[in-house]
Amino acid sequence: MIPIQAAEGRFVSHLFWNIDRNLWASLDPQQRSGAQRRFSTCLEEYRSSDNHQAFCYAIWGLKADLGVLLVDPDLNHLNETEHLLAASFPAGALEPAYSFASMSESSEYVSQDNDYDRSLRAKGLDPDSEEYQAKMGEFRTRMQAYINERLYPQLPAHRVMCFYPMNKARGEVQNWYLLDFETRKNYMASHSITGRKYGGDVKQLVTGSVGLDDWEWGVTLFADDPFFFKKIVYEMRYDEASARFGEFGEFLIGINLEPEELWKRLQL
Amino acid sequence: MIPIQAAEGRFVSHLFWNIDRNLWASLDPQQRSGAQRRFSTCLEEYRSSDNHQAFCYAIWGLKADLGVLLVDPDLNHLNETEHLLAASFPAGALEPAYSFASMSESSEYVSQDNDYDRSLRAKGLDPDSEEYQAKMGEFRTRMQAYINERLYPQLPAHRVMCFYPMNKARGEVQNWYLLDFETRKNYMASHSITGRKYGGDVKQLVTGSVGLDDWEWGVTLFADDPFFFKKIVYEMRYDEASARFGEFGEFLIGINLEPEELWKRLQL
Amino acid sequence: MIPIQAAEGRFVSHLFWNIDRNLWASLDPQQRSGAQRRFSTCLEEYRSSDNHQAFCYAIWGLKADLGVLLVDPDLNHLNETEHLLAASFPAGALEPAYSFASMSESSEYVSQDNDYDRSLRAKGLDPDSEEYQAKMGEFRTRMQAYINERLYPQLPAHRVMCFYPMNKARGEVQNWYLLDFETRKNYMASHSITGRKYGGDVKQLVTGSVGLDDWEWGVTLFADDPFFFKKIVYEMRYDEASARFGEFGEFLIGINLEPEELWKRLQL
Amino acid sequence: MIPIQAAEGRFVSHLFWNIDRNLWASLDPQQRSGAQRRFSTCLEEYRSSDNHQAFCYAIWGLKADLGVLLVDPDLNHLNETEHLLAASFPAGALEPAYSFASMSESSEYVSQDNDYDRSLRAKGLDPDSEEYQAKMGEFRTRMQAYINERLYPQLPAHRVMCFYPMNKARGEVQNWYLLDFETRKNYMASHSITGRKYGGDVKQLVTGSVGLDDWEWGVTLFADDPFFFKKIVYEMRYDEASARFGEFGEFLIGINLEPEELWKRLQL
Amino acid sequence: MIPIQAAEGRFVSHLFWNIDRNLWASLDPQQRSGAQRRFSTCLEEYRSSDNHQAFCYAIWGLKADLGVLLVDPDLNHLNETEHLLAASFPAGALEPAYSFASMSESSEYVSQDNDYDRSLRAKGLDPDSEEYQAKMGEFRTRMQAYINERLYPQLPAHRVMCFYPMNKARGEVQNWYLLDFETRKNYMASHSITGRKYGGDVKQLVTGSVGLDDWEWGVTLFADDPFFFKKIVYEMRYDEASARFGEFGEFLIGINLEPEELWKRLQL
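Residue numbers (the numbering used here), protein chains in the order written: chain A, 1 to 268; chain B, 269 to 536; chain C, 537 to 804; chain D, 805 to 1072; chain E, 1073 to 1340.
Hints in this document: simulated from the structure, not taken from any laboratory.
Quantities reported herein were computed from a predicted structural model and do not represent experimental measurements.
Do not rely on the hints blindly, as some may be mistaken.
List time: in silico EDC-like cross-link candidates among lysine to aspartate or glutamate, alpha-carbon distance up to 20 Å [as the list claims (entries may be wrong)]:
| no. | chain 1 | residue 1 | chain 2 | residue 2 |
| --- | --- | --- | --- | --- |
| 1 | C | K721 | D | E1039 |
| 2 | B | K453 | C | D775 |
| 3 | A | K264 | E | E1152 |
Over the 10 Å line for every Cβ pair with chain D, so calculated as not near, a few chain C residues [said to hold, decoys possible]:
| no. | residue |
| --- | --- |
| 4 | S643 |
| 5 | Y652 |
| 6 | S655 |
| 7 | L656 |
| 8 | D664 |
| 9 | E667 |
| 10 | Y668 |
| 11 | A693 |
| 12 | T730 |
| 13 | G736 |
| 14 | R773 |
| 15 | P795 |
Virtual Cβ for every residue (Gly too), placed ideally from N, Cα, C.
Next comes chain A alone, as it looks inside the complex (with noise of 0.2 Å):
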């Protein structure tokens, strides 16, 4: 089938279920073996391409028992790959719980040439100087590698991940939206200083998802200790960006599991 391709950033499908725990026990042990390795092989096969990235995860407490994170250049083929996840398993055994719809964005809040113009400037260097022109143009490889990274991400292996979805307010004194852009950008420059101190412990990927999904942004975070995504999350909350505009869904954490590991998590 003719692919789905984005003009800019990957698909990225956030897919939570439960296990019918009936209809799994009615099944003999060679159906489970079958469902299992049909499983394992799909998720495989995703995960042999490198524009295709694939986690799996035993969710804390009750709101589901397993999450996939899938990562697609092509929206037909992550699609036809969720329901070939499902369908690995017998038909109602996997149900679902939750589901989010983003893709991969740059920010436009990233620093810009006349951003950086300035600072060089301020630092007394000639425009016209070979050291200006050496710095200019690190900056635009170091900007440029940013952009590339957000865009085309290459998700970190860490042990747990926590998801919740986001809103800017656009309430009738709190308006995200009614703000000038230079406004936004300082609230989210202060906001990304908060996530930086943090950089050693947590990674996160910010998807888009205005026009995909219930919810404006996307936000997952990869650590291998959760303590860290509540100290971070906590410490965010009082930046400003979140404060006063940020509205927060639910939230879901799980552990980074192979499927092998899953099951016996499972106790399928």
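We have chain A; now place chains B, C, D and E onto it with these hints.
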């Protein structure tokens, strides 16, 4: 049965279902192909008249498996088709996930003769001149065509569809329904400029649902690349008409597939 | 059983069900026709008294399959009928989708003798004149008939029905219940002018549900063309009574069908 | 089991269930009558002590089939009875629809000695006079009886019951919990005047659920004509205590029936 | 499996389930006792380490049948235990009703050295004096013990448990996260005075869930008489920290029972 016809506009149903996978798995191959054939035939017959339009979609994520969009001049025939489509599958195989009832409508904010008269006079044209008369005649023809296109739309067969319902806010501070007509018209004018910028990439159908369903309007977007759903809806969020007054419901993304492709996609 | 009668007004039930299609499919033809006959008979017997009114509806979209509207002077008889109708189908075949409990009521804002007295005097009539007395007598007869019609309504058999529940806002700024009586009466007066404009196309039944169900009023509209539901509710949204204070719940559109037509429509 | 007793007040459960009709239909007549007999016996035994009160209700509309109201001095015994009642029916036949956990309580706003002292002095009585002492003594007896009636209520066997939960608002402008005691007492005083006006037609039980269930209070009204539920709740909505600060949950109307009548009503 | 340990605090799961009564009824006596024995054994083993605490509860009303509270230093072990407990019952017999994921944490508002220094100086103590040094040493020991107790709590085996989640408001007027630290500390100080008043009757565990679940904190109260849940939560509602900024979720009341008592209570 005597048709239920509208003084103005078409009846539009957005229907979203999940497949009961257990039930489907219990069918034998003949029952399955029979169901699929009945569904296809029902859709084909529906489409055989110019006035009846229908599309099928595979839905991104776990909100629903499939969606159908129907446009009909007769509410009796539309309601009958809703039940015929569902009944073409074995009893209970299609489980309702979401639906939306609305009618195509013109906009009260379209340019009027007096708007165009003002603009022609501003260009120095004499209302009694032939040029004025000719231009005004063209304007009327153009507007009539535009209104007709809104009331009796011919939907484009783009690869992806985005549906969401919306309201205009009646908040304690921001209340659309307390604004005078000119203010609302100006808001909508700048809003539609954003829409026209994306005219080449995104087609839109706005249908009215005040008094018919839980939201005031349904917005259906059509594109070949869903990236543009994200881009246009995000950009529009900064239009004051949206920023101050837009309230949005559930977003559903459908991949436009003919029935045979749809069954394959859904692993039926 | 001793009737539960109201000091004033009728008891009104809006009942919406889905059909359990699996269960229905498992019945043999005799069981099906038996169920349909019992339902029809139950409805016929109900309607055989002037004081009991009942309508059946096929619902637009996937919110419900069918709806029934019952008007009864006795809550015991009404509640019994709710269960008799459901039990006329095989156990579990009718699955509750939504219901609304309310009572017909007059309006506290109807014109009073002193309103009319003011208007007669303004026309220069002497309260002791015969003309004044005659006109005042007619006014009282007219108002009594109006109040009777509201308390003991005879519902029209139009082709389509629209139901929605509503509240008057008790917001922090806009609070209907803190307004004085005259202000509320003026709001309602201009609201009812909009209603009368559509009198030829739309009939309405407003029932009170404060203390009986989750919303304060239920609004039931009757028309032959649902376009007018959209038109009247949209126009009314600009009346200040709605714009400032109206809060609306779920909207359900029903196509008025006699039981035999209904079963055909629902593919039973 | 050692009772869990309260320092003050009774434990109150409002329980609402639906009947699983399929399951019920699959029972043979003996199983059905056995279930009904066990339920009746359980209720009878419960009622055999003065301190345990219980009522059964058929519910108006489709929100639930039946309701039970239990008043108990021991939370262990109450919780046990909840399970005994459910278990008197075959497993799964009673499906939970809604419940509410609360405790009877006095009101902090009841008149105190110093309120009455002020009123006696205002009438010119000398605190050392015999008349003052006699009246103050009567007042204390009366208040003690009132408080006892609230803490250890004897519920009336009226024909219809209305239940709804409520909160006092903690809005950004209207915040009950930031008002001083006197202001709240005045609000409640004028609110209770409305209540007393309906004393002949409506009895009320207000139970506290702060820290026990999702709302702060449960209100249970008892009457022979549900018209008065509508009338009193509507009139109270204009009391400032409600207009500014009242937030209301789900309303459920029950028709008071003894078990045998209830089974007939529910077509069991 | 390599433990997932936290830099600070314990992982806490609140788990609430309903029993599928149909499924349970279909088991033979041996299957039932086997399930109960497996559950008990799982719990016993869990409790056999000092670092793992677990309680079972019967839930008041129809929100859930039973609840389990688990405290664990290892998220992997906790998540495994969640599944082991559920799997100790036959597949599907325990239906998820609600769960909450959080971590024990200290409070940022605990008294610091400089708070105590100020208070010692105010009493005229010289920082270089032996008395000052001794008192400061005691203070540090006391605070360290308090922080340890919060981070690594030993839960009391009281008869009743109350759980509810909460947020601090980020409203358009009242926004906790825009207050400076001192203001928040003062709010919390007067709030904790209310808490200490009830110290003899109610123990509390406050766990952090920002970034882990849908609310910011979970509050778990322990008492022998649930009257005190009502009393303390009601009184606290007037503390400005709650009145202005407290937002509360679902309240669940559990009666602390050992597994064997629990099965009896639930009529298993």
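Evaluated hints:
no.: 1; hint: C:K721 - D:E1039; verdict: holds (16 Å)
no.: 2; hint: B:K453 - C:D775; verdict: holds (18 Å)
no.: 3; hint: A:K264 - E:E1152; verdict: holds (9 Å)
no.: 4; hint: S643; verdict: holds (12 Å)
no.: 5; hint: Y652; verdict: holds (26 Å)
no.: 6; hint: S655; verdict: holds (27 Å)
no.: 7; hint: L656; verdict: holds (31 Å)
no.: 8; hint: D664; verdict: holds (37 Å)
no.: 9; hint: E667; verdict: holds (38 Å)
no.: 10; hint: Y668; verdict: holds (34 Å)
no.: 11; hint: A693; verdict: holds (24 Å)
no.: 12; hint: T730; verdict: holds (24 Å)
no.: 13; hint: G736; verdict: holds (31 Å)
no.: 14; hint: R773; verdict: holds (23 Å)
no.: 15; hint: P795; verdict: holds (19 Å)
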